[in-house]
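Protein chains: 2
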Amino acid sequence: MTKYYWHESPNSNHSNDKKIAKMEIMLENDIAHRIEQNPLLKPADFSPLMENSIIECLLNPGVFEYEGRVGLLLRVAERPVQKEGFVSFPVMDENNTIHILEFEESHPDLDLSDARVISYKGKNYLTTLSYLKPVFSDDGINFYEDPNHPPLLPEGKDEAYGIEDCRVVKIDDKFHLTYTKVSSTGVGVGYISTSDWKNYERHGMIFPAHNKDCAIFEEKCGETYYALHRPSSPELGGNYIWIAESKDLLHWGNHKCIAATRQGKWDCARVGAGAAPIKTEKGWLEIYHGANYDHKYCLGALLLDLEDPSIVLARSEEPIMVPQAEYELTGFFGNVVFTNGHIVKGDQIQVYYGASDEVVCRTDFSIDEILNTLLSDDK
Amino acid sequence: MTKYYWHESPNSNHSNDKKIAKMEIMLENDIAHRIEQNPLLKPADFSPLMENSIIECLLNPGVFEYEGRVGLLLRVAERPVQKEGFVSFPVMDENNTIHILEFEESHPDLDLSDARVISYKGKNYLTTLSYLKPVFSDDGINFYEDPNHPPLLPEGKDEAYGIEDCRVVKIDDKFHLTYTKVSSTGVGVGYISTSDWKNYERHGMIFPAHNKDCAIFEEKCGETYYALHRPSSPELGGNYIWIAESKDLLHWGNHKCIAATRQGKWDCARVGAGAAPIKTEKGWLEIYHGANYDHKYCLGALLLDLEDPSIVLARSEEPIMVPQAEYELTGFFGNVVFTNGHIVKGDQIQVYYGASDEVVCRTDFSIDEILNTLLSDDK
Chain A
1 MTKYYWHESP
11 NSNHSNDKKI
21 AKMEIMLEND
31 IAHRIEQNPL
41 LKPADFSPLM
51 ENSIIECLLN
61 PGVFEYEGRV
71 GLLLRVAERP
81 VQKEGFVSFP
91 VMDENNTIHI
101 LEFEESHPDL
111 DLSDARVISY
121 KGKNYLTTLS
131 YLKPVFSDDG
141 INFYEDPNHP
151 PLLPEGKDEA
161 YGIEDCRVVK
171 IDDKFHLTYT
181 KVSSTGVGVG
191 YISTSDWKNY
201 ERHGMIFPAH
211 NKDCAIFEEK
221 CGETYYALHR
231 PSSPELGGNY
241 IWIAESKDLL
251 HWGNHKCIAA
261 TRQGKWDCAR
271 VGAGAAPIKT
281 EKGWLEIYHG
291 ANYDHKYCLG
301 ALLLDLEDPS
311 IVLARSEEPI
321 MVPQAEYELT
331 GFFGNVVFTN
341 GHIVKGDQIQ
351 VYYGASDEVV
361 CRTDFSIDEI
371 LNTLLSDDK
Chain B
1 MTKYYWHESP
11 NSNHSNDKKI
21 AKMEIMLEND
31 IAHRIEQNPL
41 LKPADFSPLM
51 ENSIIECLLN
61 PGVFEYEGRV
71 GLLLRVAERP
81 VQKEGFVSFP
91 VMDENNTIHI
101 LEFEESHPDL
111 DLSDARVISY
121 KGKNYLTTLS
131 YLKPVFSDDG
141 INFYEDPNHP
151 PLLPEGKDEA
161 YGIEDCRVVK
171 IDDKFHLTYT
181 KVSSTGVGVG
191 YISTSDWKNY
201 ERHGMIFPAH
211 NKDCAIFEEK
221 CGETYYALHR
231 PSSPELGGNY
241 IWIAESKDLL
251 HWGNHKCIAA
261 TRQGKWDCAR
271 VGAGAAPIKT
281 EKGWLEIYHG
291 ANYDHKYCLG
301 ALLLDLEDPS
311 IVLARSEEPI
321 MVPQAEYELT
331 GFFGNVVFTN
341 GHIVKGDQIQ
351 VYYGASDEVV
361 CRTDFSIDEI
371 LNTLLSDDK
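Chain order of the listed sequences is A and B. Per the UniProt record's numbering, the first sequence runs over residues 1 to 379. Per the UniProt record's numbering, the second sequence runs over residues 1 to 379.
One should not assume that every hint holds.
Pairs count within a copy or across copies, as identical chains cannot be separated in the list.
[Unchecked claim] Here are the simulated lysine to aspartate or glutamate pairs, DMTMM-like style, with alpha carbons at most 25 Å apart: (1) K121 with E36; (2) K247 with D308; (3) K198 with E84; (4) K198 with E235; (5) K247 with D30; (6) K265 with E223; (7) K157 with D305; (8) K121 with E235; (9) K121 with E317; (10) K296 with E84.
Note that these hints are calculated values from the structure, not bench results.
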């Protein structure tokens, strides 16, 4: 049996019987309809699984519907309680056992300039270790843990630094999870499938380093599965959105770059796909994130051709969502809205998102409103 | 018809009737048996295809046998003739037409610190544009052009900066070419197949950015094709050798890192696969390149499990080839030996290699000699 230094998963602190009417908050500068109950989930709502640790961030959930409930697959990032004068961080070994590495803060070979990364003698580690926790809701607002569905933990050497930011799609009665595998050898896209959120089948890494933000389309175009993904390049190229093709979801080819960063715009530094594209009459609608050089993460939209989704029909000139609520401006890594999951109800997209890399929120969008910004006459 | 600013491919300057006996040169510090006729090919041996251009480098050939001859698929890198005070470089547009961009050398937005890359306003270009030229030989030493087999030119927007460093394997009577596609959106691995070296079938990009050094195994292990490849990571990870699996050569999955760089060794900065692994009784023998932080490129070997080649059985502690001949030390980018092609004759591997990113050479190795360095008793 796999040996973990994880605690038992506790039941939720959240009560399931709060029935708060959904309220929307409209802020200026974007077309997001934030709900009044934001933030829905924060680190203090759950107990850490690692000994002597805290939950530093709760973020970027995959979203799915299961047995009549809304499910979020939260990314939970834990960190050892820090002792004054020292820095410590978790790393998993090849037997899936967590070890805590500890250094004196003043160590000359240590670089702590980034809140997310620890550099020691030129080798990079993460300050936190992430896993994926499913939580459920009857109303899409109040979420609770379900002991029948324990957390999904990192496994194997290419997940030694954790697993992050999972997208979930349902194809042929199975849930398909694409997520970020993180280790010292690189950051790539893992693929897991499940039917019951208890038994998981692992299919290895489907996009090699450096890659993340992978969203599989929920249906084939013709005979072909498509996925958006986000390779990063150290030299030519950058942090751009690409598309790939597959016949079996396991093996991928015919990679094409479909959306680069745009000089001088809100998405000049990096872009990446959100959740699976939404099929509309006008094309596949993809909500993506874009960041500028100040690390301000906004959301925008892409419209892709229905038959050949490698063709971009339209792209947001201005973001459809800009961090501006207080919980979006301040947190573990402020000025960030980031989504990788939603539920579609007719014209309404219920978007769950991570705010400031710390809390989980929800905002709703109207598909028509987004399409209007993409297809207005003056374009 | 595709419009090119290429000249007609001229016939070779090489005479086919020189019959020089093969001689070997043994240098200290490695087990490479360099042939006396090195360098076999240099830029002056061919005429450039672009107008007003020179061949800057001739390098890194893929190697194959075709109709009783040895074929090299040379990488030819051309550059416009430079005018004093200006820097100019070629870029291909979406209609496969070459344009020459020219800037004043003193332009404040220009960065010319790397011989291979031009940076202008933060966007990177290459100083040269590469294509692939087949040449043939009856003796493995004297090579000549064959007008029946014209050069393979870049095509499409993801090859706008050229195509480079092709590996060739023969599977099921077809030649399979994996090479580097270079453009502003990134560097990835392209795949082309041919039966006759005249008609080429293009299969798109099989490994997305940032990736190169892809070598497909010449036979399946069980039901699975394998390929080595070399993604590069801007953050965690680095320039490491990975392996991937395929059922059809077009779509690839189950990516695993099998060889990282090694701190303090000759391959501390970057490693990448050479040509297809050689099947031996002891395992798959792969000759790879490794570089240190001074950009000194040597060759080493990996021994991979015959049934599961993601398992590394042995790895060179010391390089099997170190740049030391004069043509390996001085050139367009000196101190480099780099191979991506060979012919195997019993125990002998006839390795063709690029030296100093400028000329093409040959060295022979003994498989037994390499295996002895890998499997000596004290390991």
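Identical-chain pair category, K265 with E223, by Cα at 25 Å: Neither way: K265 and E223 sit 36 Å apart in one copy and 48 Å across, limit 25 Å.
How would you label the pair K296, E84 (within, between, both, or neither) given a Cα cut-off of 25 Å? Neither way: K296 and E84 sit 31 Å apart in one copy and 43 Å across, limit 25 Å.
Since the copies are identical, ignore which copy is meant and state whether K198 and E235 lie within 25 Å (CA to CA) inside a copy, between copies, both or neither. neither (42 Å within a copy, 33 Å between copies)
One pair to classify: K121 and E317, alpha carbons no more than 25 Å apart. Within, between, both, or neither? between (42 Å within a copy, 22 Å between copies)
Is the C-alpha distance from K198 to E84 at most 25 Å within one copy, between copies, in both cases, or in neither? neither (40 Å within a copy, 69 Å between copies)
Given identical chains, is K247 near D308, meaning Cα to Cα at most 25 Å, within a copy, between copies, both, or neither? So K247 and D308 pass the 25 Å test inside a copy (15 Å) and across (24 Å) alike.
25 Å Cα cut-off: does K157 pair with D305 within a copy, between copies, both or neither? between (39 Å within a copy, 19 Å between copies)
With identical chains, the pair K121 and E36 could be close in the same copy or across copies; at 25 Å between alpha carbons, which is it: within, between, both, or neither? The answer is neither: 46 Å in one copy and 44 Å across copies each exceed 25 Å.
First find the shortest C-alpha distance between K247 and D30 inside one copy, then the shortest across copies, and answer within, between, both or neither for a cut-off of 25 Å. Cα proximity of K247 and D30: none, with 38 Å in one copy and 46 Å across.
Between the shortest in-copy and the shortest cross-copy C-alpha distance, which are at most 25 Å for K121 and E235: within, between, both, or neither? Result: close both inside a copy and across copies, 23 Å intra and 14 Å inter.
Violated hints for the displayed structure, listed by number in ascending order: 1, 3, 4, 5, 6, 10.
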